[in-house]
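Colleague: Sequence:
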Amino acid sequence: HRSTFHVLQYVTPDSYGAVACSNAGLTDNNELKAVFWDTSVEHKDLVKDENGSGYDLPKQVIITSKGKTVDGKPITVTFDARPSIRLHDIDVLHEMPFVIRRLVQALITKPFIFERYEDNAKITVAIEGEEPYSMVGIAFHELTQIK
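With the numbering used here applied, the sequence shown has no gaps in its numbers, which climb one by one up to 238 at the end.
By construction, these hints were calculated from the structure, which means they are not laboratory data. Here a beta-carbon is modelled for each residue, glycine too, at the ideal position from N, C-alpha and C. Treat the hints with caution; some may be incorrect.
[Said to hold, decoys possible] Here are the simulated lysine-lysine pairs, DSS-like style, with alpha carbons at most 30 Å apart:
hint	residue 1	residue 2
1	K159	K135
2	K124	K238
3	K238	K135
4	K201	K124
5	K201	K164
6	K157	K213
7	K238	K164
8	K201	K150
9	K213	K159
10	K124	K159
11	K139	K201
12	K213	K150
13	K238	K201
[Stated by the list, open to error] Taking CB as the label site, the calculated pair distances span:
hint	residue 1	residue 2	range
14	F189	I153	37 to 43 Å
15	R93	I153	20 to 26 Å
16	I237	E141	16 to 22 Å
17	L99	L137	20 to 26 Å
18	L123	D147	45 to 51 Å
19	V190	G116	42 to 48 Å
Please work from the sequences and hints to get the whole structure.
Modeller: Rendered as structure tokens:
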């Protein structure tokens with residue numbers, strides 16, 4: 092039995108209105124079960140990155156996605172994520188010469204990608220007219236920060 096829940100959510104820079112955009116999908120046994128277009132992501136319990144990026148990173152992420160099943164029923168998926176296992180912290184500008192990289196980071200942008208892993212990740216699925224149920228598995232988290 093194989094199920095997946097995939098979420099892509101991003102916020103445009105302030106210069107483009109800080110608009111949140113998202114989509115998500117839920118599959119069960121490799122078949123599409125639901126699609127989502129209304130996703131909120133809350134970063135909680137922020138701590139300073141210990142590797143010196145200057146960013147605050149969440150210890151907890153609450154993801155709530157609302158959409159419809161393939162047969163048209165309203166559905167909500169809630170994921171109380173705890174992205175605790177560090178995989179990679181990627182300084183996107185790392186390959187640039189040091190002086191140029193520091194200049195770009197100070198004056199223009201400072202992009203970093205933070206990848207985390209989670210065992211025993213649990214999502215709750217609530218389909219209108221049915222009993223809510225949970226799915227437990229592994230989760231890969233990727234957070235991109237750009238100043």
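Colleague: Now look at each hint and say whether the structure bears it out.
Modeller: So, going through the hints one by one against the coordinates:
no., hint, in the structure
1, K159 to K135, "holds (27 Å)"
2, K124 to K238, "violated (36 Å)"
3, K238 to K135, "holds (19 Å)"
4, K201 to K124, "violated (38 Å)"
5, K201 to K164, "violated (42 Å)"
6, K157 to K213, "holds (17 Å)"
7, K238 to K164, "violated (39 Å)"
8, K201 to K150, "holds (21 Å)"
9, K213 to K159, "holds (20 Å)"
10, K124 to K159, "holds (9 Å)"
11, K139 to K201, "holds (15 Å)"
12, K213 to K150, "holds (15 Å)"
13, K238 to K201, "holds (5 Å)"
14, F189 to I153: 37 to 43 Å, "holds (38 Å)"
15, R93 to I153: 20 to 26 Å, "holds (25 Å)"
16, I237 to E141: 16 to 22 Å, "holds (20 Å)"
17, L99 to L137: 20 to 26 Å, "holds (22 Å)"
18, L123 to D147: 45 to 51 Å, "violated (35 Å)"
19, V190 to G116: 42 to 48 Å, "holds (44 Å)"
Checked against the numbered hints given earlier, this structure breaks hints 2, 4, 5, 7, 18; the rest are met.
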